[in-house]
Amino acid sequence: MKINALNLTEKEYLLPGNRTCPGCALSLAYRHILKALEGQAVVTVPASCLTVLHGMYPVTSVEVPCVNTPFASTAASATGLVAGLKALDRKGLTVVAIAGDGGTHDIGIQALSGAAERQTDFIYICYDNEGYMNTGNQRSSSTPLGAISGTTPILGKQQSQKDMTAIMEAHGIPYVATANASYPLDLYEKIRGAMLIQGTRFIHVFTPCPPGWRFPFNDTVRIGELAVQTGWVVLYEVEHAVFRLSSASKSIAQRGNLRPVREYLAEQGRFQNITEKQINELQERVNARWQRCLARTPDL
Amino acid sequence: MIDKNTPRKADIRILDGNHAAAQGAKLSRIQVVAAYPITPQTPVTEALSEFVEGGELKAQYIAVEGEHSALAVCTSASMVGARTFTATSSHGLAYMHEMLHWTAGARLPVVLACVNRAIGAPWNILNDQQDSISQRDTGWIQIYARNNQEILDSVIQAYRIAETVYVPVMVCYDGYVLSHTEMPVAVPSQEEVDRFLPPYKPHTILDPANPKNYNLVTLANPRVNTEGVLCHGYMELRYLLQEALQNSRETIAKVGREFGEQFGRHYSGMFWEDRLDDADIVIVAMGSLATEAIVAADMLRKEGHKVGVLGLRVFRPFPKSDLVKALKKSRLIVVFDKNISYGSEGATCSEIKSALYGTDVNAVIRDFVVGLGGRDVKARELADAAKRSLPSLKEGVLNTEYPEWICDI
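Residue numbers (numbering that gives the first Met the number 0), protein chains in the order written: chain A, 0 to 299; chain B, 0 to 408.
Not one of these hints is a red herring.
As a list, the in silico DSSO-like pairs of lysine-lysine whose alpha-carbon atoms are at most 27 Å apart:
{"no.": "1", "chain 1": "A", "residue 1": "Lys10", "chain 2": "B", "residue 2": "Lys211"}
{"no.": "2", "chain 1": "B", "residue 1": "Lys57", "chain 2": "A", "residue 2": "Lys90"}
{"no.": "3", "chain 1": "B", "residue 1": "Lys301", "chain 2": "B", "residue 2": "Lys386"}
{"no.": "4", "chain 1": "B", "residue 1": "Lys57", "chain 2": "A", "residue 2": "Lys85"}
{"no.": "5", "chain 1": "B", "residue 1": "Lys352", "chain 2": "B", "residue 2": "Lys393"}
{"no.": "6", "chain 1": "B", "residue 1": "Lys211", "chain 2": "A", "residue 2": "Lys85"}
The set of hints was computed from the structure by calculation and includes no laboratory data.
Isolated chain A, as found in the complex (with noise of 0.2 Å):
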């Protein structure tokens, strides 16, 4: 059964009245992947927004058992909770890490990494708001070209993003996917599918942040759908090295073209300094990995 806003299970995992920002795409993407998860998980969270998220001792926003741990050792965590589960037998449960993109592609990603290299059979969800959102906007290394950050700002960031998805798929786990959390369906999809895989399975979840970012927060929906529309996010997922296009991304390569990434750059205030060199750089960058992703879809 297609899963549709009809169907979708009415049971809530994370209640209203939590502690994030305004228009926070986390919580929405969030709020799905507990649907999907069904409860039967286990959660293990480093320090980021999703901590915030979680409220504050003795009271917690989220219906599902979670575990908190340091900064570097989401995946380790993870790797000591399915050991731990393994040992004493206990079948039935998830183990799903989620982190932000500091906790993933910075401080993180040796015990990611290393997780992935064990074949250890859990879900890491990399939801990326592009920077240290949580200790109020400082530059991460998926903090892009030419936005102005806390630690970048007046001249904007002067490198590119690193590709973390491409870098986990690069080890050979059974599955990685992108995702948006302005397209929840097919994140839930992403998730639902990525249960019944075993091994390592990584999902990129694409969050966009109104503070952050500098955009109104009743545009977050909007701004993740324009990333998909202009090709700053590419949504996709690798199972067993079998590469899909999906959702959005889908159509678009089967109907049209990719809007200018100008479009994109241009709603957020972190773009305010870019330079013409920058967002072409940007453009092209777009471009090459817009066509890798077309030349592994040889069937539209």
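Use these hints to put chain B onto chain A, whose structure you have.
For chain B alone, kept in the frame of chain A given last:
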């Protein structure tokens, strides 16, 4: 150093310290091991892998990519309810530092074998106790072994202690001096250890039917939950950890006593005493150095000095009141530290001074820093240091600001 009362059932084997630790962990029926190789701990990880791969030990062995992850794996596995073990040394322990705090803060009964080794720079792979002493404030119980038998016995006891008081335990033993030195070790049978060590009962619940969120952001002050019940703030939780360590002395003593009753090797004290009854000069040392100190005491006794040895076994919690009692008759306390708190003095010496302050023990205390980076410590040097300290008795200078170093400067 096998006790004469060792039960006949035990199997006497020639083991180095690392294999004694691995045997102790195996007999404790550990369920998850995560470790990363570092000299001189590596043979522990190899021995445990062999037990697991050979089917002798039913456990998950996780060959992690670093020590920070090793302890993160143990901590999370412990939350699920598995009995976990890791081992490391030196830089590996330093790399775990953040997780050491986390494990203790989360009140998880992880047991860690620390094979004591110097820390760089410059590189040095040999023994001192700077590594574990540097982690004394992380909330772990620290037990130091004098010989390989004590390593094996302490690992087994560590699980009983940790799982009673919900505080992680670090079993420390000197690199090479013990880790790579073979000695006869009585290895108890699995049945006997099973009788001594009940299965681990976790205080955490990871169950979708009863979802709980562990170690959330916690404010300094108490806060009410959704049922209106006032729950602890961060500071109350920290107090409870301190209280657990303070009270753990009773558990450590009880576990040691019961171990003695069952296995014939007695561990009721927080430290070892050698000829303290009539001693007015007491040498204090920790780990294998305490054994060397006994040889030094023999030498000094022959020369007519009334010398005893106090070998510290438990450094955290520090046994202040017991120590005051044991040092009651002492007039001169000579402390040997295989560590240095730079800009101050050796950690053991500081603890002893702190314990004696305001008591009626008015002994002269002298601190000597020895054996750093594997520098050989001869019994003769210990004896000479004690003799060098004698004039201060007449001078009545109780304290010195800084320790004396036994080296060539």
